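Fit chain B to the given chain A structure using the hints.
Okay, here's what each chain looks like letter by letter:
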Amino acid sequence: MNHPIIVWCVIVGVLLCALLFRAVERYNSECRHRDHKTRHILEIGKDKDIFYLPGDVDEDDDFEDL
Amino acid sequence: MTSRICNKAVDESALRGTAAFLAEYASLLSGCGATCIRIEKNARRLADSFGVEFDISIMPTHVYVSVWLDNPAEAVVAFRKTPACGISFNLNAKLSCLSWEVSDNNLGLTAATERFERIRRTKQSGKWETLFLTGLANASFCRLFGGDVIAMLIVFISTLAGYRLKQIMLEDKRDIRLTFLCASFFSAALSAGGHIFNIGSTPEIALGTSVLYLIPGVPYINSVSDLIYRHYLCGFSRFLDAAVLTVCLSTGLCAGMLLLGLKWF
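Residue numbers (the numbering used here), protein chains in the order written: chain A, 7 to 72; chain B, 68 to 332.
I should point out that these hints are in silico values taken from the structure, not numbers from a laboratory. Keep in mind it's a predicted model, so treat the numbers as computed, not measured. All C-beta atoms, glycine included, are put in the ideal place defined by N, C-alpha and C. Among the hints, erroneous ones may be present.
[Claimed, not checked] Pair ranges (Cβ atoms, derived):
no. : chain 1 : residue 1 : chain 2 : residue 2 : range
1   : B       : P127      : A       : C37       : 36 to 46 angstroms
2   : A       : A29       : B       : V314      : 26 to 36 angstroms
3   : B       : H129      : A       : R38       : 35 to 45 angstroms
4   : B       : A310      : A       : C23       : 29 to 39 angstroms
5   : B       : I282      : A       : R32       : 22 to 32 angstroms
Isolated chain A (complex conformation) (with noise of 0.2 angstroms):
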């Protein structure tokens, strides 16, 4: 690539960058606002928080007393 090309793909990507963070921003205000904290667009959390099939076993449930 020539030098032109590479200065015109860093300009664009400051521009995407700006733009993208600014969008990002935005949601997490309109979050928060709406619920009173903050939303992350990536969390960490076990499968069984999205997954629940009933009849599936926790281990905080009490099940030896039956």
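Just chain B now, kept in the frame of chain A:
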């Protein structure tokens, strides 16, 4: 004797209210981009229908209104800072309508103030619609200057990006000159893509028209109108403001071209 003093106090209080209203009205009209002659005519129309004598002095950042009944020596003066609400033809038209409404229907100060407050709360046109329409308008400019469809598309995209950047920076209360410089730099750099990648047959027209949306046309036209009607201070102030913004956008355009190694002419 007591009743005369009471009447005088009531008169003065009413005059103060009228002067304050006229100053608010004139300053908002000035802030939304009206010419001095329009501000003067509209405010005089209101003053006539309120039955008071009136004089106005419009400065670049402030408006002074003086109001009296019979004796100019007993005039009440009100002055207001011009709000930075941005150019709005909608607000401008509504405020002009208000002056005619007050004049035609002989509305009192209370009714006029109520309607004025309603107009002041008018929401600005949606920013996404403005963004999209600005892009379309600038692409049309490109076509007018002889650009092909590819050049129009490049101008549309670079205008969207530059105008969005301008909106973001103005929302963050950044300096308007810096905002114009950055917006023109990024718009010019984006549209230079046509030149760099050899896309389309008229890349130079795309580059030239990509920053046209930043030209401060309304302040230029208003400055000429103000000069014609001998409002020299406002006229020169508006002209200089517009000239500074034009220099900023030219600097951004030149910086973009220089950085990308494009030939000037």
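Outcome of the hint check:
no.: 1; hint: B/P127 - A/C37: 36 to 46 angstroms; verdict: 42 angstroms, holds
no.: 2; hint: A/A29 - B/V314: 26 to 36 angstroms; verdict: 31 angstroms, holds
no.: 3; hint: B/H129 - A/R38: 35 to 45 angstroms; verdict: 39 angstroms, holds
no.: 4; hint: B/A310 - A/C23: 29 to 39 angstroms; verdict: 33 angstroms, holds
no.: 5; hint: B/I282 - A/R32: 22 to 32 angstroms; verdict: 29 angstroms, holds
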